[in-house]
Structures are given as C-alpha cells and as structure tokens.
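Residue-level listing of the chains:
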Amino acid sequence: GQQVKQSSPSLTVQEGGISILNCDYENDMFDYFAWYKKYPDNSPTLLISVRSNVDKREDGRLTVFLNKSGKHFSLHITASQPEDTAVYLCAANSGGSNYKLTFGKGTLLTVTP
Amino acid sequence: AQTIHQWPVAEIKAVGSPLSLGCTIKGKSSPNLYWYWQATGGTLQQLFYSITVGQVESVVQLNLSASRPKDDQFILSTEKLLLSHSGFYLCAWSLGPNTLYFGAGTRLSVL
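From first to last, the protein sequence lines stand for chains A and B.
Each residue of the first sequence is one higher than the one before, counting from 26 in our numbering.
Each residue of the second sequence is one higher than the one before, counting from 668 in our numbering.
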C-alpha cells in the first residue's frame, strides 16, 4: 500500500493567502519528514524537513507541523505568491541507516494573482 | 560545487530492446546514489540505492538492474524493455540517508 499519502491532488489559493498542504503516513517507524517542490519539467528540490523529536519547524514563510499521534504532517506557506505555484511532494523515512525515502504523489498548488 | 548529470535526456525505445541510463556526480566523494522512477500520473518510486562502489540495493522489482562501477557513476539498465517501463527516471545523490539532490531526469517512452 501507499505509505505516504497526499489526498489532495490540487489546491488553489489566492495571492497573499495561506497555502496548507497535507500528508498522511502509515509507518510508525518514520522519523524524518520532508517537503520537496517541483516545477514542471524540473526535478524536485528540498524545501524543508523536520525530525520526529519536534512538532513544528519554521523557515521564513514555510512551517512544517508534525502530528505523530495522527500520523500526519503539513506544510503551511504564508503570504502565498504566484511563484509558489508548483507540485509539492511530501516524503518520509525511518532514519538511521535506512536509505529508502518514500514520496507522496504530490499536490499541485496554484496561487492566483 | 556538486553537479549531477543524467544521460540521455530522453529516449524512445521499442518493447523488448535493451536500455542503459547513466548518472554521474562530480564534486562529492563517496555519495549515496539513488534511482527513482515516476510513471505518468504516478508516484515517485525509489528503485535502487547504493552507498558504496560495487554495492547496489534493490527497493522495487521492475525487471531493471543497477550498477555502480565507479564512485561517481550509477547505471540503470535492462536487457528487455516492457511498455510499463515508460516514465521519468531520476538519479539522486545524498550524503546522509535523507536530503536528496536530484538530476534533471530522463524521459523514457517505450513503444
């Protein structure tokens, strides 16, 4: 089954608003959670990541919230801009020497002017 | 600065024909290397990873194989392509097990 799920294939937000992207996971052993951004015809690039020993991490306009009991993490983008329009991929891993980073299917965020 | 180069950029191949995709990383010694694949409309799936020369671990069985003949080179291949092999292939590197840096990818169409 799919270990990392993004249930919303797309999301549209008005410029200046808050974009909230969600990700659910199944594996209790996951302890590393990340968000990657992918423009069309480009490769994914890491935006922000968090380990399971914290439940929130901020970096500029980006905040990752981790809810371990609910097996859920989210990415909040404040003051959304048209250049934030892209596919956002969540990813998780069980850390240690596990080299299997598992990705969700992605959510296409469109920020309208 | 580290660079990752994938070749070819795109391929159109016939069912049953062989395939070889390559990836080279410059500027990093002994990186961890990965192959990922995404079918059209599908999820980015990890196929293989390698943490050292000559050692490759398979994650998903797709009738593909991978090899790491040199520290900076990762090769994905098969002797017989299937229609289901079509998609986008991405090579990536990392130093630890988590933060991946992807190449530009190879788009493969099997007809």
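Bear in mind the hints are in silico, worked out from the structure with no lab data behind them.
Check each hint, because a few of them may be wrong.
Each computed BS3-like pair below joins lysine-lysine, with the alpha-carbon atoms no more than 25 Å apart [claimed, not checked]:
hint: 1; chain 1: A; residue 1: K125; chain 2: B; residue 2: K680
hint: 2; chain 1: A; residue 1: K62; chain 2: B; residue 2: K695
hint: 3; chain 1: A; residue 1: K130; chain 2: A; residue 2: K63
hint: 4; chain 1: B; residue 1: K747; chain 2: A; residue 2: K63
hint: 5; chain 1: B; residue 1: K737; chain 2: A; residue 2: K63
- request: Enumerate the violated hints, using their earlier numbering and listing them in ascending order.
  value: Numbers 1, 4, 5, in rising order.
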